[in-house]
Amino acid sequence: MKKIGLLKQFLKGNGVAYVAGLIFMIIGQLLSLANTFIIGVVIDSVIGEILPEGIAYKGLSLLGGKEHLMQNLWICGLVLVLFSVINGIFMFLSRKYSAIASEGIAKKIRMDLYEHIQNSTYLYNVNIKTGDMMQRCTSDLETVRNFLATQFQDLLRCIVLIIATVSIMSNINTTLTLAGFSLIPFIGLGAFFFFKYVSKMFLMADEAEGAMSTVIEENLSGMRIVRSCATQSRETEKFIKSSIDYRNKDLKITVAFAWYWGLSDAICQMQIGIVLVTGIYL
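Under the working numbering, the residues of the sequence shown are numbered 1 to 282, in order.
None of these hints come from the bench; they were simulated from the model. It is possible that some hints are incorrect.
[Unchecked claim] Below 16 Å or equal to it, Euclidean Cα-Cα: the simulated EDC-like pairs (lysine to aspartate or glutamate) are:
hint: 1; residue 1: K238; residue 2: E218
hint: 2; residue 1: K12; residue 2: E103
hint: 3; residue 1: K249; residue 2: E207
hint: 4; residue 1: K96; residue 2: E53
hint: 5; residue 1: K107; residue 2: E142
hint: 6; residue 1: K196; residue 2: E217
hint: 7; residue 1: K108; residue 2: E53
hint: 8; residue 1: K108; residue 2: D154
hint: 9; residue 1: K129; residue 2: D206
hint: 10; residue 1: K129; residue 2: E217
hint: 11; residue 1: K238; residue 2: E217
hint: 12; residue 1: K12; residue 2: D112
hint: 13; residue 1: K249; residue 2: D206
hint: 14; residue 1: K200; residue 2: E142
hint: 15; residue 1: K66; residue 2: E49
hint: 16; residue 1: K252; residue 2: D206
hint: 17; residue 1: K8; residue 2: D154
hint: 18; residue 1: K107; residue 2: D140
hint: 19; residue 1: K252; residue 2: E207
hint: 20; residue 1: K129; residue 2: E207
Please work from the sequences and hints to get the whole structure.
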(Lines of atoms letter the chains of each structure in order from A and count residues from 1; the text may use other names and numbers.)
(Lines give C-alpha, C1' and ligand atoms only; values in the text may rest on other atoms or scores of the structure.)
Protein backbone atom coordinates (compact mmCIF):
# COMPACT_ATOMS: atom_id res chain seq x y z
CA MET A 1 0.00 0.00 0.00
CA LYS A 2 2.91 2.32 0.73
CA LYS A 3 4.29 1.83 -2.80
CA ILE A 4 0.86 2.49 -4.35
CA GLY A 5 0.52 5.67 -2.30
CA LEU A 6 3.96 6.81 -3.44
CA LEU A 7 3.03 6.13 -7.07
CA LYS A 8 -0.19 8.16 -6.69
CA GLN A 9 1.86 11.01 -5.26
CA PHE A 10 4.18 11.07 -8.27
CA LEU A 11 1.25 10.72 -10.70
CA LYS A 12 -0.27 14.00 -9.52
CA GLY A 13 -0.23 16.39 -12.46
CA ASN A 14 0.67 13.56 -14.87
CA GLY A 15 -2.15 11.09 -14.24
CA VAL A 16 -4.45 12.37 -17.01
CA ALA A 17 -1.72 12.09 -19.66
CA TYR A 18 -0.73 8.61 -18.44
CA VAL A 19 -4.31 7.30 -18.40
CA ALA A 20 -4.88 8.83 -21.86
CA GLY A 21 -1.82 6.95 -23.12
CA LEU A 22 -3.17 3.68 -21.72
CA ILE A 23 -6.61 4.25 -23.29
CA PHE A 24 -5.07 5.03 -26.69
CA MET A 25 -2.96 1.87 -26.39
CA ILE A 26 -6.02 -0.30 -25.68
CA ILE A 27 -7.90 1.19 -28.66
CA GLY A 28 -4.87 0.65 -30.89
CA GLN A 29 -4.59 -3.01 -29.89
CA LEU A 30 -8.28 -3.61 -30.55
CA LEU A 31 -7.89 -2.01 -34.00
CA SER A 32 -4.91 -4.25 -34.76
CA LEU A 33 -7.11 -7.27 -34.00
CA ALA A 34 -9.78 -5.80 -36.27
CA ASN A 35 -7.38 -6.08 -39.22
CA THR A 36 -7.05 -9.82 -38.66
CA PHE A 37 -10.84 -10.12 -38.38
CA ILE A 38 -11.34 -8.17 -41.64
CA ILE A 39 -8.91 -10.41 -43.54
CA GLY A 40 -10.76 -13.48 -42.25
CA VAL A 41 -14.13 -12.10 -43.35
CA VAL A 42 -12.79 -11.24 -46.81
CA ILE A 43 -11.32 -14.72 -47.32
CA ASP A 44 -14.29 -16.63 -45.85
CA SER A 45 -17.31 -14.54 -46.85
CA VAL A 46 -16.25 -12.40 -49.83
CA ILE A 47 -13.97 -14.77 -51.73
CA GLY A 48 -15.34 -17.91 -50.04
CA GLU A 49 -18.89 -19.14 -49.54
CA ILE A 50 -19.28 -18.90 -45.76
CA LEU A 51 -22.29 -16.77 -44.83
CA PRO A 52 -21.33 -13.77 -42.66
CA GLU A 53 -23.01 -13.24 -39.31
CA GLY A 54 -23.39 -10.38 -36.86
CA ILE A 55 -20.98 -7.50 -37.29
CA ALA A 56 -19.40 -9.13 -40.35
CA TYR A 57 -22.78 -9.16 -42.12
CA LYS A 58 -23.42 -5.52 -41.21
CA GLY A 59 -19.97 -4.51 -42.43
CA LEU A 60 -20.37 -6.26 -45.79
CA SER A 61 -23.82 -4.76 -46.26
CA LEU A 62 -22.46 -1.29 -45.51
CA LEU A 63 -19.76 -1.72 -48.17
CA GLY A 64 -22.21 -2.86 -50.85
CA GLY A 65 -22.59 -6.59 -50.27
CA LYS A 66 -20.61 -9.65 -51.35
CA GLU A 67 -21.13 -9.34 -55.12
CA HIS A 68 -20.06 -5.71 -55.16
CA LEU A 69 -16.94 -6.45 -53.10
CA MET A 70 -16.05 -9.44 -55.31
CA GLN A 71 -15.89 -7.08 -58.27
CA ASN A 72 -14.06 -4.39 -56.26
CA LEU A 73 -11.62 -6.11 -53.90
CA TRP A 74 -9.64 -2.89 -53.69
CA ILE A 75 -12.34 -1.63 -51.29
CA CYS A 76 -11.36 -4.37 -48.82
CA GLY A 77 -7.72 -3.36 -49.19
CA LEU A 78 -8.63 0.27 -48.62
CA VAL A 79 -10.51 -0.63 -45.43
CA LEU A 80 -7.44 -2.53 -44.19
CA VAL A 81 -5.18 0.44 -44.94
CA LEU A 82 -7.63 2.78 -43.20
CA PHE A 83 -7.71 0.64 -40.06
CA SER A 84 -3.91 0.36 -40.10
CA VAL A 85 -3.52 4.14 -40.36
CA ILE A 86 -5.98 4.72 -37.51
CA ASN A 87 -4.17 2.07 -35.46
CA GLY A 88 -0.85 3.82 -36.12
CA ILE A 89 -2.31 7.16 -35.00
CA PHE A 90 -3.60 5.69 -31.75
CA MET A 91 -0.29 3.92 -31.04
CA PHE A 92 1.57 7.19 -31.71
CA LEU A 93 -0.72 9.03 -29.29
CA SER A 94 -0.24 6.25 -26.76
CA ARG A 95 3.55 6.51 -26.88
CA LYS A 96 3.42 10.31 -26.90
CA TYR A 97 1.25 10.72 -23.81
CA SER A 98 3.01 7.90 -21.95
CA ALA A 99 6.36 9.58 -22.65
CA ILE A 100 5.02 12.96 -21.49
CA ALA A 101 3.70 11.44 -18.27
CA SER A 102 6.78 9.30 -17.54
CA GLU A 103 9.16 12.21 -18.15
CA GLY A 104 7.02 14.41 -15.91
CA ILE A 105 7.09 11.78 -13.18
CA ALA A 106 10.86 11.35 -13.57
CA LYS A 107 11.35 15.11 -13.26
CA LYS A 108 9.23 15.18 -10.11
CA ILE A 109 11.27 12.35 -8.60
CA ARG A 110 14.51 14.18 -9.48
CA MET A 111 13.27 17.34 -7.80
CA ASP A 112 12.22 15.41 -4.69
CA LEU A 113 15.60 13.66 -4.55
CA TYR A 114 17.41 16.98 -4.93
CA GLU A 115 15.32 18.54 -2.17
CA HIS A 116 15.93 15.53 0.08
CA ILE A 117 19.70 15.71 -0.46
CA GLN A 118 19.80 19.47 0.10
CA ASN A 119 17.82 19.22 3.35
CA SER A 120 19.57 16.12 4.72
CA THR A 121 21.63 16.38 7.90
CA TYR A 122 25.41 16.43 8.11
CA LEU A 123 25.41 13.02 9.82
CA TYR A 124 23.35 11.55 6.96
CA ASN A 125 25.79 12.89 4.34
CA VAL A 126 28.77 11.55 6.27
CA ASN A 127 27.39 8.02 6.65
CA ILE A 128 25.76 7.49 3.25
CA LYS A 129 27.80 5.91 0.46
CA THR A 130 28.25 8.35 -2.40
CA GLY A 131 28.02 5.61 -5.03
CA ASP A 132 24.63 4.50 -3.71
CA MET A 133 23.38 8.08 -3.82
CA MET A 134 24.62 8.51 -7.40
CA GLN A 135 22.92 5.29 -8.45
CA ARG A 136 19.58 6.23 -6.88
CA CYS A 137 19.64 9.53 -8.78
CA THR A 138 20.68 8.06 -12.16
CA SER A 139 20.22 4.40 -13.12
CA ASP A 140 17.43 3.64 -10.60
CA LEU A 141 15.51 6.70 -11.76
CA GLU A 142 15.90 5.61 -15.39
CA THR A 143 14.58 2.15 -14.45
CA VAL A 144 11.43 3.73 -12.98
CA ARG A 145 10.97 5.90 -16.07
CA ASN A 146 11.33 2.92 -18.43
CA PHE A 147 8.80 0.91 -16.42
CA LEU A 148 6.19 3.65 -16.58
CA ALA A 149 6.89 4.54 -20.24
CA THR A 150 7.01 1.07 -21.82
CA GLN A 151 7.01 -1.95 -19.51
CA PHE A 152 3.69 -1.31 -17.76
CA GLN A 153 2.09 -0.58 -21.14
CA ASP A 154 3.48 -3.85 -22.51
CA LEU A 155 2.02 -5.75 -19.56
CA LEU A 156 -1.40 -4.15 -20.05
CA ARG A 157 -1.17 -4.77 -23.80
CA CYS A 158 -0.64 -8.50 -23.21
CA ILE A 159 -3.67 -8.66 -20.91
CA VAL A 160 -5.86 -6.79 -23.42
CA LEU A 161 -4.70 -9.03 -26.28
CA ILE A 162 -5.41 -12.21 -24.33
CA ILE A 163 -8.90 -11.12 -23.27
CA ALA A 164 -9.86 -9.78 -26.71
CA THR A 165 -8.40 -12.75 -28.59
CA VAL A 166 -10.14 -15.29 -26.36
CA SER A 167 -13.45 -13.44 -26.81
CA ILE A 168 -13.11 -13.41 -30.61
CA MET A 169 -11.78 -16.95 -31.04
CA SER A 170 -14.28 -18.57 -28.67
CA ASN A 171 -17.10 -17.36 -30.94
CA ILE A 172 -15.38 -18.95 -33.94
CA ASN A 173 -14.13 -22.29 -32.58
CA THR A 174 -14.06 -23.22 -28.89
CA THR A 175 -11.79 -26.26 -29.33
CA LEU A 176 -9.17 -24.30 -31.24
CA THR A 177 -9.36 -21.52 -28.64
CA LEU A 178 -8.67 -23.98 -25.81
CA ALA A 179 -5.78 -25.45 -27.79
CA GLY A 180 -4.36 -22.01 -28.52
CA PHE A 181 -4.40 -20.92 -24.90
CA SER A 182 -3.69 -24.26 -23.22
CA LEU A 183 -0.14 -23.30 -22.22
CA ILE A 184 -0.81 -19.64 -21.36
CA PRO A 185 -1.37 -20.41 -17.61
CA PHE A 186 2.00 -22.17 -17.43
CA ILE A 187 3.73 -19.24 -19.15
CA GLY A 188 2.06 -16.78 -16.77
CA LEU A 189 2.89 -18.76 -13.62
CA GLY A 190 6.44 -19.32 -14.84
CA ALA A 191 6.91 -15.59 -15.42
CA PHE A 192 5.48 -14.73 -11.99
CA PHE A 193 7.73 -17.11 -10.03
CA PHE A 194 10.78 -16.34 -12.17
CA PHE A 195 10.59 -12.59 -11.68
CA LYS A 196 9.88 -13.08 -7.98
CA TYR A 197 13.06 -15.16 -7.80
CA VAL A 198 15.21 -12.90 -9.97
CA SER A 199 14.18 -9.73 -8.08
CA LYS A 200 16.47 -10.82 -5.23
CA MET A 201 19.33 -11.21 -7.69
CA PHE A 202 18.61 -7.74 -9.07
CA LEU A 203 18.80 -6.29 -5.56
CA MET A 204 22.16 -7.97 -4.93
CA ALA A 205 23.53 -6.75 -8.28
CA ASP A 206 22.19 -3.26 -7.57
CA GLU A 207 23.99 -3.15 -4.23
CA ALA A 208 27.20 -4.45 -5.83
CA GLU A 209 26.99 -1.76 -8.51
CA GLY A 210 26.52 0.87 -5.83
CA ALA A 211 29.60 -0.39 -3.96
CA MET A 212 31.67 -0.27 -7.15
CA SER A 213 30.43 3.25 -7.92
CA THR A 214 31.41 4.31 -4.40
CA VAL A 215 34.98 3.07 -4.91
CA ILE A 216 35.23 4.90 -8.25
CA GLU A 217 33.83 8.15 -6.85
CA GLU A 218 36.09 8.09 -3.78
CA ASN A 219 39.20 7.56 -5.90
CA LEU A 220 38.27 10.26 -8.39
CA SER A 221 37.48 12.83 -5.71
CA GLY A 222 40.47 11.86 -3.53
CA MET A 223 43.01 11.24 -6.26
CA ARG A 224 45.69 13.49 -4.71
CA ILE A 225 45.28 11.88 -1.29
CA VAL A 226 45.68 8.41 -2.80
CA ARG A 227 48.86 9.47 -4.57
CA SER A 228 50.32 11.28 -1.58
CA CYS A 229 49.72 8.27 0.67
CA ALA A 230 50.99 5.84 -2.02
CA THR A 231 47.89 3.64 -1.72
CA GLN A 232 47.37 3.15 -5.47
CA SER A 233 47.86 -0.62 -5.24
CA ARG A 234 45.38 -1.00 -2.38
CA GLU A 235 42.77 1.15 -4.12
CA THR A 236 43.28 -0.73 -7.39
CA GLU A 237 42.80 -4.02 -5.58
CA LYS A 238 39.66 -2.67 -3.91
CA PHE A 239 38.22 -1.61 -7.27
CA ILE A 240 39.06 -4.96 -8.91
CA LYS A 241 37.37 -6.80 -6.04
CA SER A 242 34.18 -4.71 -6.24
CA SER A 243 34.17 -4.90 -10.05
CA ILE A 244 34.48 -8.70 -10.03
CA ASP A 245 31.71 -8.96 -7.43
CA TYR A 246 29.38 -6.84 -9.57
CA ARG A 247 30.30 -8.75 -12.73
CA ASN A 248 29.58 -12.14 -11.13
CA LYS A 249 26.21 -11.05 -9.75
CA ASP A 250 25.20 -9.42 -13.02
CA LEU A 251 26.30 -12.54 -14.92
CA LYS A 252 24.00 -14.68 -12.76
CA ILE A 253 21.08 -12.48 -13.84
CA THR A 254 22.07 -12.83 -17.50
CA VAL A 255 22.29 -16.63 -17.22
CA ALA A 256 18.92 -16.77 -15.44
CA PHE A 257 17.31 -14.71 -18.22
CA ALA A 258 18.94 -16.90 -20.86
CA TRP A 259 17.32 -19.99 -19.31
CA TYR A 260 13.99 -18.22 -18.85
CA TRP A 261 13.69 -16.84 -22.39
CA GLY A 262 14.94 -20.09 -23.90
CA LEU A 263 12.38 -22.19 -22.03
CA SER A 264 9.53 -19.70 -22.52
CA ASP A 265 10.23 -19.50 -26.27
CA ALA A 266 10.24 -23.30 -26.43
CA ILE A 267 6.84 -23.40 -24.67
CA CYS A 268 5.48 -20.78 -27.09
CA GLN A 269 6.67 -22.85 -30.05
CA MET A 270 4.99 -25.90 -28.51
CA GLN A 271 1.79 -23.90 -28.27
CA ILE A 272 2.00 -23.00 -31.97
CA GLY A 273 2.51 -26.69 -32.72
CA ILE A 274 -0.55 -27.64 -30.66
CA VAL A 275 -2.66 -25.13 -32.59
CA LEU A 276 -1.41 -26.44 -35.95
CA VAL A 277 -2.05 -30.08 -35.05
CA THR A 278 -5.50 -29.27 -33.63
CA GLY A 279 -6.36 -27.27 -36.75
CA ILE A 280 -5.36 -30.18 -38.99
CA TYR A 281 -7.70 -32.62 -37.23
CA LEU A 282 -10.67 -30.26 -36.91
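Consistency of the hints with the structure:
Between the alpha carbons of K238 and E218 the distance comes to roughly 11 Å, so the proposed pair stays at or under 16 Å and holds. A hinted pair counts as satisfied when its Cα atoms are at most 16 Å apart, and K12 with E103 qualifies at roughly 13 Å. A hinted pair counts as satisfied when its Cα atoms are at most 16 Å apart, and K249 with E207 qualifies at roughly 10 Å. Restraint check for K96 and E53: the C-alpha separation of about 38 Å exceeds 16 Å, so the hint is violated.
With a C-alpha separation of about 11 Å, the suggested pair K107 and E142 falls inside the 16 Å cut-off, and the hint holds. In summary, the hint linking K196 to E217 is not supported, as the alpha carbons are separated by about 32 Å, beyond the 16 Å threshold. Between K108 and E53, the direct Cα distance comes to roughly 52 Å. Violation of the 16 Å bound is thereby established for this hinted pair. Simply put, K108 and D154 have alpha-carbon atoms about 23 Å apart, too far for the 16 Å limit, and the pair is violated.
Using a Cα cut-off of 16 Å, the hinted pair K129 and D206 holds, with the two alpha carbons roughly 13 Å apart. Between K129 and E217, the direct Cα distance comes to roughly 10 Å. Compliance with the 16 Å bound is thereby established for this hinted pair. Note on K238 and E217: the hinted pairing holds, with a Cα-Cα distance of about 13 Å set against a maximum of 16 Å. For the suggested pair K12 and D112, the alpha carbons sit about 13 Å apart, so the restraint of at most 16 Å is met.
For the hint pairing K249 with D206, the CA-to-CA distance comes to about 9 Å; that is within 16 Å, so the pair holds. A hinted pair counts as satisfied when its Cα atoms are at most 16 Å apart, and K200 with E142 does not qualify at roughly 19 Å. Under the criterion of a C-alpha separation no larger than 16 Å, the hint pairing K66 with E49 is consistent with the structure, at around 10 Å. As the CA atoms of K252 and D206 are separated by approximately 13 Å, the hinted pair is consistent with the 16 Å bound.
The hinted pair formed by K8 and D154 fails the criterion: a straight-line CA distance of about 20 Å is larger than 16 Å. The hinted pair formed by K107 and D140 meets the criterion: a straight-line CA distance of about 13 Å does not exceed 16 Å. A distance of roughly 14 Å separates the Cα atoms of K252 and E207; the hinted pair therefore holds under the 16 Å criterion. Proposed proximity of K129 and E207 is supported: the alpha carbons are some 11 Å apart, at most 16 Å.
Hint compliance for this structure: hints 4, 6, 7, 8, 14 and 17 are broken, all remaining hints hold.
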